[in-house]
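Enquirer: Listed in order, the protein sequences are those of chains R and F.
Just so we're aligned, residue 67 is where the first sequence starts under the working numbering, counting upward by one.
Just so we're aligned, residue 67 is where the second sequence starts under the working numbering, counting upward by one.
The set of hints was computed from the structure by calculation and includes no laboratory data.
One thing to keep in mind: the hints can contain errors.
Which stretches of chain F does chain R cover? Using the computed rule of at least three CB atoms under 8 Å from a CB of chain R, they are [unchecked claim]: (1) 142–153; (2) 165–176; (3) 280–292.
Because the structure is a prediction, the values reported are computed rather than measured.
No residue lacks a Cβ here, since even glycine has one placed at the ideal position from N, Cα and C.
Number of protein chains: 2
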Amino acid sequence: MTEVAVIGASMTQFGERDAWIRGLLAEAGRACLDDAGVNSDEVEHLYVANMASGEFEGRTGIQNALVSDLAATPAYTQRVDQTSASGGAGIYAAWQSVASGAADLTLLVGGEKMTHRTTGESTDVIATLTHPVEYKHGVTLPSFAGLAARLYLDRYNAPRESLAEVAVKNHANGALNPHAQFQREIDVETALDSPMVADPLRLYDFCPVTDGAAALLFCPVDRARAYADRFAVVSGVAGATDTHVVHERADPTTMGAVVDSGEAAFEMAGRDPADVDVAELHDMFTILEFLQLEGLGFAAPGEAWRMATEGRTALDGDLPVNPSGGLKSKGHPLGATGVAQAYELYVQLVGDAGERSVGADVGLACNVGGFGNCVTTTVMEAG
Amino acid sequence: MTEVAVIGASMTQFGERDAWIRGLLAEAGRACLDDAGVNSDEVEHLYVANMASGEFEGRTGIQNALVSDLAATPAYTQRVDQTSASGGAGIYAAWQSVASGAADLTLLVGGEKMTHRTTGESTDVIATLTHPVEYKHGVTLPSFAGLAARLYLDRYNAPRESLAEVAVKNHANGALNPHAQFQREIDVETALDSPMVADPLRLYDFCPVTDGAAALLFCPVDRARAYADRFAVVSGVAGATDTHVVHERADPTTMGAVVDSGEAAFEMAGRDPADVDVAELHDMFTILEFLQLEGLGFAAPGEAWRMATEGRTALDGDLPVNPSGGLKSKGHPLGATGVAQAYELYVQLVGDAGERSVGADVGLACNVGGFGNCVTTTVMEAG
Chain R
67 MTEVAVIGAS
77 MTQFGERDAW
87 IRGLLAEAGR
97 ACLDDAGVNS
107 DEVEHLYVAN
117 MASGEFEGRT
127 GIQNALVSDL
137 AATPAYTQRV
147 DQTSASGGAG
157 IYAAWQSVAS
167 GAADLTLLVG
177 GEKMTHRTTG
187 ESTDVIATLT
197 HPVEYKHGVT
207 LPSFAGLAAR
217 LYLDRYNAPR
227 ESLAEVAVKN
237 HANGALNPHA
247 QFQREIDVET
257 ALDSPMVADP
267 LRLYDFCPVT
277 DGAAALLFCP
287 VDRARAYADR
297 FAVVSGVAGA
307 TDTHVVHERA
317 DPTTMGAVVD
327 SGEAAFEMAG
337 RDPADVDVAE
347 LHDMFTILEF
357 LQLEGLGFAA
367 PGEAWRMATE
377 GRTALDGDLP
387 VNPSGGLKSK
397 GHPLGATGVA
407 QAYELYVQLV
417 GDAGERSVGA
427 DVGLACNVGG
437 FGNCVTTTVM
447 EAG
Chain F
67 MTEVAVIGAS
77 MTQFGERDAW
87 IRGLLAEAGR
97 ACLDDAGVNS
107 DEVEHLYVAN
117 MASGEFEGRT
127 GIQNALVSDL
137 AATPAYTQRV
147 DQTSASGGAG
157 IYAAWQSVAS
167 GAADLTLLVG
177 GEKMTHRTTG
187 ESTDVIATLT
197 HPVEYKHGVT
207 LPSFAGLAAR
217 LYLDRYNAPR
227 ESLAEVAVKN
237 HANGALNPHA
247 QFQREIDVET
257 ALDSPMVADP
267 LRLYDFCPVT
277 DGAAALLFCP
287 VDRARAYADR
297 FAVVSGVAGA
307 TDTHVVHERA
317 DPTTMGAVVD
327 SGEAAFEMAG
337 RDPADVDVAE
347 LHDMFTILEF
357 LQLEGLGFAA
367 PGEAWRMATE
377 GRTALDGDLP
387 VNPSGGLKSK
397 GHPLGATGVA
407 QAYELYVQLV
417 GDAGERSVGA
427 DVGLACNVGG
437 FGNCVTTTVM
447 EAG
């Protein structure tokens, strides 16, 4: 099997952007090629991770537009959709394109343009990924998160403040990330006093609606040195599904697809949780950071909340989680998110993370589609 | 590189179906697993080729629903969108998943549910894949086809009847295909007297709006014999793009992405056009059959129309084209089409094509996205 390297990465400013999806993708794609010093006519495959440009903006075929905008014709292209995990699925697709020998230089660009729609409209577009019966009864992803959070707090006697600590940490990290949507610290009181959204979760337990894009450039490891002095290696990547109907799961505080994709990615990489120096987890809701820490084996069931309250997941902790600011602070443009998680790992691994550098050799990213309906996990290491 | 086999295939009845996208995908997926005698819990990757379930039906995450509906959890899944070439892109994605070693058993299901929308609405959804300036001026794919057809007929002094002969042939073939939307023959006069749509193209130069799904099951060639006595091998598969803005192309009667993807697929397979015994071409419009015959090297520029008038592309000709009935007669449920093309090659290659069998050892399928914006070509051979 061909080993696959990441030789360049980029992300745009996240937030409310005065640009449409096509402009965001082109901005990230160009910046990534510039980062690697590669001409666009060398690109053989170009994957676009995006959930819903048609629903949000009335535009389809954005992958074909991007190939033209980057002057990469006749590069092959395809759109990868795995709902809110489209970016992670894009990493898996790009990895497969290089590992299979189909392409030697594959560009992945993930992005979403959302802020021109109201928060309600965006939430509704996302909710179309739920089971039709869930959807008809008005269940949205935030409501699932509220139910899971209440159960978690009750079952494990975890303090409500522990969820607020996740938001406080990720805002502190985001304050160091010039690409983040929110670059300001908050305190626990602000989080706990914010408006109720889905009891017990409040406004600061949720990621915002965001525009943005991110990109990664892949090639075989044995060619990486020709392009870059410093690069990263995708040592493990895998994806898994859980039941489409959330209430059919045996244990609502265990995300089966996190467990399965994590185990497969660790096995492929020949790594275990103790080897990981930095993790980017899918904190669309604060409770998800706990469920992923436990599902991936970083904490025993019911123990992840202690990692937050003890500061172990802070930048100076033993396992920094979401040094980028996470979805909470950096923002969550659906198709961009998984790619932006890997961007953060890349800059951490090659030494470009600036103030938020944690000195990592091994990183992990977990990208959650729906409410754990499909999850991808990626292990990246310094090349 | 791992060689990749197709060990099972299926397609649903195409036409106006009383089922939503989820039901169509599950029907095709189950039938394909039954065809191969494989249990759903053996499936490792499941790719869903679909352009626009969100736009047509307001449902997203249909790939996750399908995994649950087939009882294939925790199989990894992703939706593959390459507009009207989503099926061909799905073949390429499934090939990559097996060839890379990521999965040993990969199911591809392509489908689209369209007939609950008016023809105008469907045409508009498809037109969102064009360049925004083209879209704003009301240009649709049928209008591009009309312009290309007029130029082709004028430039090569080809008779208008040659286009009608494509429709007549594909209707004759469709009459032998129990899955086809239209199972009745037409004559040249009927085609020539049908209502004008985009001068010089008339109603019978266009494929219908269709519901349907199709599926293929892939595994490494060295494992295929364990599953099936007869199987097919994907010996070549490639994709390429052309300019996103159609009028930027140097020659409107040459589809660059057909040429590029065809050359790459032939090179990978170690084949040339003379080796091909049967072809499934993307006859969304009759003129496209000529442009693909020429772009793929089956005919010199300006000569493909003679293949139609001389009967060379008929079932008993030297290169049978669209024995399935093609998009014209079989129907064109966008995400299903590329998969259904490969279904036809599969049944031709393994000897299950019944009355329309042409006795083929090597087959080729060409799936066109947009107006040639992105094209995939697949070469399949008897295993």
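Enquirer: So, for every hint listed, does it hold in this structure?
Expert: Tested hints:
A stretch counts as covered by a chain when three or more of its residues have a beta carbon under 8 Å from one of that chain; for the region 142–153 of chain F and chain R the count is 8, and the coverage holds. Only residues whose C-beta sits within less than 8 Å of a C-beta in chain R count toward coverage, and the region 165–176 of chain F has 4 of them, enough to reach three; the restraint holds. For a cut-off of 8 Å, the count of residues in the region 280–292 of chain F with a CB near a CB of chain R stands at 0, and the three-residue condition is violated.
In summary, the one numbered hint that this structure violates is 3.
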